[in-house]
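Below, each chain spelled out in residue letters.
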Amino acid sequence: MKNSRRDFLKKGAFGTAALAISGSTSAAVAGIFEERTVKIPHASHFGAFYAHVREGRIVDITSQLDSDANPTVLTRALADRVTTDSRVKYPVVRKSYLEGKRDGSLRGKEEFVRVSWDTALDLAAEAIKKAQKNGGNEALYNASYSVWSHPGAFKPNVLAGRFFNQIGGAVATAGEYSNGAAGPVNPTVVGDMEVYSIQTAHEQIIANTKVMVLWGADLYKTNRAGFSVPNHRCYDAYEEYKKAGIKMILIDPIYTTTGQEFKADWIKIRPGSDVAMMMAMMNYLYKSKKYDKEFIEKYTHGFDQFLPYLLGKTDGIDKTTKWAEKITEVPAKKMEELADLMVSNRTFIAGNWAMQRAEHGEQVDWSIITLASMIGQVGLAGGGFGFSMHYEGGGDAASGKRTVGGISQGKGGAVNLTIPASRMSDLINNPGGTVTYKGKVITYPKVEFMLSAGGSPIGHQPNVNELIDAMRKLDTIVVLEPWWTPTAKMADIVFPATTTLERDDIASGMSYSNDRIYAMKQVVKPAYESKDDYEIFTLLAKRLGTEKKYTRDRTVKDWLEGLYSKSYAKREMDITFEAFWDKGSVHYEIPDEARKYVRHEEFRKDPINNPLKTETGKIQIFSDKFASYKYDDFKGHPMWFEPKEWLGNKELVKKYPLHLVSPHPTYRIHTQLDNTWVQNVHKVQGREPIRISPNDAKKFGVRDGEVVEVYNNRGSILAGVVVTNTIRDGVAAIEEGAWYSPEDISQKQPRCNSGQVNVLTSSRPTSQMTNATSANSTLVAIRKIDVMSPNLAYNPPKIKGA
Amino acid sequence: MKTIFKKLLITLIVLGTFSQASQNSMFVFQTTDVTIDNNKATIYIGTAVTVVKAIDDKNVLVEFSGISFDDKFYTNKDKSLLMTSNDKKSFGKDGEEKKLQAIIEKGYLTKDAEEVWEEHEEFYYEMCTQCHASHLPKEHTMLEWDAILGTMKGFAQLYDDEADYLARYLKANANNGFNTDKK
Numbered sequence: 001m002k003n004s005r006r007d008f009l010k011k012g013a014f015g016t017a018a019l020a021i022s023g024s025t026s027a028a029v030a031g032i033f034e035e036r037t038v039k040i041p042h043a044s045h046f047g048a049f050y051a052h053v054r055e056g057r058i059v060d061i062t063s064q065l066d067s068d069a070n071p072t073v074l075t076r077a078l079a080d081r082v083t084t085d086s087r088v089k090y091p092v093v094r095k096s097y098l099e100g101k102r103d104g105s106l107r108g109k110e111e112f113v114r115v116s117w118d119t120a121l122d123l124a125a126e127a128i129k130k131a132q133k134n135g136g137n138e139a140l141y142n143a144s145y146s147v148w149s150h151p152g153a154f155k156p157n158v159l160a161g162r163f164f165n166q167i168g169g170a171v172a173t174a175g176e177y178s179n180g181a182a183g184p185v186n187p188t189v190v191g192d193m194e195v196y197s198i199q200t201a202h203e204q205i206i207a208n209t210k211v212m213v214l215w216g217a218d219l220y221k222t223n224r225a226g227f228s229v230p231n232h233r234c235y236d237a238y239e240e241y242k243k244a245g246i247k248m249i250l251i252d253p254i255y256t257t258t259g260q261e262f263k264a265d266w267i268k269i270r271p272g273s274d275v276a277m278m279m280a281m282m283n284y285l286y287k288s289k290k291y292d293k294e295f296i297e298k299y300t301h302g303f304d305q306f307l308p309y310l311l312g313k314t315d316g317i318d319k320t321t322k323w324a325e326k327i328t329e330v331p332a333k334k335m336e337e338l339a340d341l342m343v344s345n346r347t348f349i350a351g352n353w354a355m356q357r358a359e360h361g362e363q364v365d366w367s368i369i370t371l372a373s374m375i376g377q378v379g380l381a382g383g384g385f386g387f388s389m390h391y392e393g394g395g396d397a398a399s400g401k402r403t404v405g406g407i408s409q410g411k412g413g414a415v416n417l418t419i420p421a422s423r424m425s426d427l428i429n430n431p432g433g434t435v436t437y438k439g440k441v442i443t444y445p446k447v448e449f450m451l452s453a454g455g456s457p458i459g460h461q462p463n464v465n466e467l468i469d470a471m472r473k474l475d476t477i478v479v480l481e482p483w484w485t486p487t488a489k490m491a492d493i494v495f496p497a498t499t500t501l502e503r504d505d506i507a508s509g510m511s512y513s514n515d516r517i518y519a520m521k522q523v524v525k526p527a528y529e530s531k532d533d534y535e536i537f538t539l540l541a542k543r544l545g546t547e548k549k550y551t552r553d554r555t556v557k558d559w560l561e562g563l564y565s566k567s568y569a570k571r572e573m574d575i576t577f578e579a580f581w582d583k584g585s586v587h588y589e590i591p592d593e594a595r596k597y598v599r600h601e602e603f604r605k606d607p608i609n610n611p612l613k614t615e616t617g618k619i620q621i622f623s624d625k626f627a628s629y630k631y632d633d634f635k636g637h638p639m640w641f642e643p644k645e646w647l648g649n650k651e652l653v654k655k656y657p658l659h660l661v662s663p664h665p666t667y668r669i670h671t672q673l674d675n676t677w678v679q680n681v682h683k684v685q686g687r688e689p690i691r692i693s694p695n696d697a698k699k700f701g702v703r704d705g706e707v708v709e710v711y712n713n714r715g716s717i718l719a720g721v722v723v724t725n726t727i728r729d730g731v732a733a734i735e736e737g738a739w740y741s742p743e744d745i746s747q748k749q750p751r752c753n754s755g756q757v758n759v760l761t762s763s764r765p766t767s768q769m770t771n772a773t774s775a776n777s778t779l780v781a782i783r784k785i786d787v788m789s790p791n792l793a794y795n796p797p798k799i800k801g802a
Numbered sequence: 001m002k003t004i005f006k007k008l009l010i011t012l013i014v015l016g017t018f019s020q021a022s023q024n025s026m027f028v029f030q031t032t033d034v035t036i037d038n039n040k041a042t043i044y045i046g047t048a049v050t051v052v053k054a055i056d057d058k059n060v061l062v063e064f065s066g067i068s069f070d071d072k073f074y075t076n077k078d079k080s081l082l083m084t085s086n087d088k089k090s091f092g093k094d095g096e097e098k099k100l101q102a103i104i105e106k107g108y109l110t111k112d113a114e115e116v117w118e119e120h121e122e123f124y125y126e127m128c129t130q131c132h133a134s135h136l137p138k139e140h141t142m143l144e145w146d147a148i149l150g151t152m153k154g155f156a157q158l159y160d161d162e163a164d165y166l167a168r169y170l171k172a173n174a175n176n177g178f179n180t181d182k183k
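For the record, the sequence lines run as chains A and B.
Each residue of the first sequence is one higher than the one before, counting from 1 in the working numbering.
Each residue of the second sequence is one higher than the one before, counting from 1 in the working numbering.
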C-alpha cells in the first residue's frame with residue numbers, strides 16, 4: 001500500500017500550523033514557547049478545536065471559536081484519550097486461542113499474548129476463511145454498527161463494511177439502536193423518517209411559537225455532541241427562545257437541564273405511559289369538539305378508523321383523561337388544561353428518541369403526529385411537531401451547499417442479510433430462529449466469526465450478560481480498537497488502532513446546517529504499534545486477495561482530496577485542497593431564505609400538488625399496509641399497549657420497585673470518554689451515578705454519595721447515589737455508556753463494578769413490527785453493599801510479553 | 001380424464017404464453033425518443049416493456065401498461081415512476097389504466113436489468129454507504145423509497161438532480177418497481 005502520510009504531514013499540518021503564544025508567560029519564555037509549540041486544527045463529535053503540541057505531546061486543547069459558538073469541556077478530554085493507560089498498545093491474541101484451542105468460554109477470563117502484526121493478521125484472515133468454508137459468508141457477522149466513533153471520512157464501521165462487502169459480504173445490521181422503532185414506522189405515517197429530518201428553523205420558532213412541549217426532548221444535553229462536528233450555535237437560539245417568552249412544558253420523569261434552563265412547567269409522567277396521555281388528550285379534544293376537524297379531513301387519512309378505538313368502541317376502554325390518570329399518574333385536569341393550552345396557542349411539540357426505545361416504542365411518534373394533527377398546526381410556522389430538535393442543532397438553517405462525505409462501503413456482496421439492531425444476542429444464540437421486521441420474516445444464520453471496529457457492543461446492546469453468553473459461543477472475535485474497551489477484552493484477536501489525533505482525516509459540520517468543512521490533521525505520532533483502521537483493513541484485505549479493490553491504489557491523501565473535490569468549496573468557491581488544509585476549515589454562508597424554513601409548509605399550502613409520500617398522500621392515522629401485517633402488538637392505527645416491564649406491573653414492582661431509565665450521557669457520547677479525566681466531574685466514587693428522589697433514597701435507606709448495588713433478574717451493578725429533586729419518585733436514572741467491569745469473573749452473572757446500565761436493561765423487543773431496543777422499559781431494586789473492590793474498568797487486561 | 005386433459009392443455013397454453021411474454025420482456029436501456037400514436041414521445045430509462053413485433057431491421061413495436069395523467073404516463077396512481085411523456089397529446093383521462101404501444105429503436109432495449117442500472121448502482125452505493133450499511137432497493141416499495149430518500153438526501157448531501165437520479169434507480173428496482181422478478 002502506498003502511504004505518503006508523513007510527507008503529506010510535513011508539507012501540511014506541521015509545516016503550516018500557526019504558532020501559539022501563551023499570554024501568561026514572560027516574553028522570553030513565550031518566545032521559546034512560540035518556537036516549540038504548534039497549534040494544529042482538528043475536529044470531533046464534541047466540536048472543532050486546536051491541539052497545542054509541544055515536543056510531540058499535546059499540552060493544551062482550545063476550541064475553534066469561529067466555528068464553535070459555545071464550546072463544551074468534552075473536547076478538552078480528548079488529549080487524555082491518546083495517552084491513557086487503557087490504550088491497546090500492540091496486536092494481541094488470547095492465550096488459548098493462540099495455542100489453537102478454541103474455547104470461547106474463556107473469553108474475558110484469561111490473559112492475552114503480544115504477537116507481531118503478521119501473526120495477528122494471519123490468524124484473523126484464517127478465521128475468516130474457516131468461517132466462510134463452514135457456513136459461507138453468512139457465518140461472518142460484522143458487528144461494527146456504530147457510526148459514532150468519530151466524524152471523519154474514514155469511519156471504522158464503514159471501513160469494516162467495505163472490507164466485508166468485497167470478500168462476499170457478511171451479516172449486518174438493519175435499522176438502529178437510536179431510532180429502531182420510530183425510524184421504520186414514520187415514513188409510512190408521514191412520508192418521511194422525521195427523526196433525522198431538517199427541522200423548522202429556530203427563527204420561525206422564535207417568531208411564532210407560543211407554547212413548546214418538550215415531550216422528553218433534552219435540547220441542552222444532547223446537542224452538546226453531534227453526529228458531525230457541532231457548532232453549538234443552537235444555544236444562542238435557545239437564549240432567544242427564552243427572550244421570546246415561549247411557554248415551555250416538560251413532560252418527562254426527569255426535570256432535565258433543558259427544563260431547568262427554560263424554567264419549564266414539569267409534568268412528572270410515569271415512564272412508558274406517554275402514549276396513554278396522548279390518547280387521553282386526543283379523546284378530550286374530540287369530545288370537547290376543540291380539535292381541528294378541517295385539518296383532520298383535509299390532511300389526514302383514517303381518523304374514522306382510529307376514532308372507535310379512541311372512544312372505546314372496539315375494546316371497551318374509553319381513553320379518557322380519567323382512564324389515563326391511573327396509567328400516567330398525571331392528573332386528568334392537567335391533561336385537559338394542557339390540551340386546551342396547545343389547541344388555543346401556536347404550539348410546537350418537540351418529541352425525542354428515548355420514548356421509542358421502550359416497549360411498543362413504535363406507537364410514540366405516531367401518536368404525537370396524530371395529536372398534532374388534531375391540534376391542526378402541522379405546516380404552520382412554529383407549530384406542529386419535530387423529532388430532531390435535540391439532535392445536530394435541530395432548527396439550524398441550512399447552507400444548501402455541499403461539504404464532504406466519506407469513504408463508502410460499496411455493494412453488500414452476496415449475503416444481503418441484515419438483522420434488526422438490538423437482536424445481536426438472538427442472532428448468535430438462535431441460529432435457524434426467525435425474527436419479524438416490517439412485515440417480513442428473517443431467519444438467523446449460524447454465525448461463527450464476529451468483528452467489531454470503532455464501537456463497543458458491550459456498551460450499546462441491552463442485557464450484557466445475555467450478550468456475553470452469546471459471544472462465548474462464537475469461534476472467533478476480532479476487535480479493532482484504540483482502547484481496552486469491555487468488548488476488546490472479550491476478543492480473541494485485538495488490533496491496536498490509532499485515535500483520530502494520530503492520523504489525517506476530514507469532516508464536516510453540521511448535518512442540517514452543512515456550513516463547515518474541517519481538516520482533522522494528525523496531531524501526534526501513532527502511539528506504540530497502533531495503525532490506522534484503514535491500514536489494518538487493507539492488510540487484512542491483502543490476505544483475502546482484495547487489497548487493490550479496497551484501496552483502489554489510493555493513499556490517504558488521495559482519498560481526502562477526492563472527497564474534498566466534490567465540495568462546494570472546491571467546485572464553486574475555487575478553494576484548493578492545499579489552501580483548505582493549510583487553514584484548517586472552510587466556512588459557508590447561510591442564506592436568509594433558509595431561516596424561513598417551516599417543516600411541512602408546502603404540504604399544508606397545497607396537499608394536492610405536494611402530497612406526502614404516503615399511501616394516500618396524507619398523514620396516515622390508519623395504514624392499510626400496517627394492518628396487513630396482522631401483528632398482535634402493532635396494528636393499523638396508533639394504540640396504547642401496556643408494557644410488560646413498568647411501574648404498572650404490580651407483581652414485578654414488588655421485587656423491583658424502581659423504573660430505571662438510561663438516558664444519553666452528559667459527559668460522554670455513549671462509551672466514549674469514559675476512560676478520561678472528564679468523568680471525574682460527575683462519577684461518584686468512580687462509579688456511574690444513579691439519580692433518585694429524596695423519597696426513594698429514604699425508602700431504600702441510602703444517602704447521597706453512597707455506592708449501592710442496583711439489580712434485577714438480569715444482573716447487578718454498582719452505582720453512586722445522587723439524591724436529587726430533579727427526578728420523580730419511583731424512577732431512577734443511570735446514564736448509558738459506563739465501561740463494563742465484572743467484579744468476579746467466575747460468576748455466571750458477575751456484578752459490574754463500574755455501573756454499566758445495560759447489565760440491567762432488557763433485550764425484549766419493542767414489538768413484532770421493528771424488533772427494536774426497549775432498554776427504557778426496565779425495573780430495578782437497590783440494596784446497600786458491604787465490601788467494595790477497586791473498579792478496574794479502565795485497566796488493560798493481563799498481557800504476556802508486553 | 002377428458003377434464004384432466006383439458007386442464008393440462010389450458011395450463012400449458014398459459015405457461016407457453018407466459019414464457020413467450022417473459023421472453024419478450026425487455027427494459028429501456030436509456031431515456032430516448034419513441035413514437036406513440038404517430039407522435040414523438042420520450043420513454044424513460046428502466047421502463048419495462050414487452051416486444052410485440054419487429055417494425056423493420058432497426059425498430060420494434062413495444063407495449064407497456066400504466067396510468068395516464070394528461071401528457072404523462074406513470075406506473076401507478078401515486079405517479080411513482082414516469083414511463084413516458086408527450087408534450088403535445090394527452091395519453092388519456094387522468095388516472096386511467098391503459099396499455100400503450102411505442103415504436104423504439106431496438107438497440108435501446110435489453111433483457112438485463114442490471115446492465116441498465118450499472119452506473120446508478122455504483123453511484124448509489126458510493127453515496128449511501130458512507131455512514132451505514134447498504135439497503136437493497138428491493139427492501140422497500142417505491143413509496144417507501146420516496147419517503148426515506150426525502151430524509152436521507154440531506155445527509156448524503158445530494159443535489160436535486162442527483163436525488164432524482166437515485167430515486168429513479170431505487171424505485172425502478174423497488175419491490176413493486178419495474179424489475180420485480182430479477183432481484
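It should be emphasised that the hints constitute simulated quantities derived from the structure, not laboratory data.
One or more of the hints may lead you astray.
In silico BS3-like links for lysine-lysine, alpha-carbon gap of 25 Å or less [said to hold, decoys possible]:
1. A:411 - B:79
2. A:630 - B:153
3. B:77 - A:411
4. B:111 - A:298
5. B:77 - A:605
6. B:77 - A:625
7. A:333 - A:247
8. A:411 - B:138
9. B:138 - A:605
10. B:79 - A:625
11. A:566 - B:153
12. A:625 - B:111
13. B:153 - A:605
14. A:596 - B:79
15. A:298 - B:138
16. B:58 - B:111
17. A:440 - B:111
Just so it is clear, the structure is predicted and the values come from calculations on it, not from any experiment.
_Indices of hints not satisfied (ascending)_ = 1, 2, 3, 4, 9, 12, 14, 15 and 17
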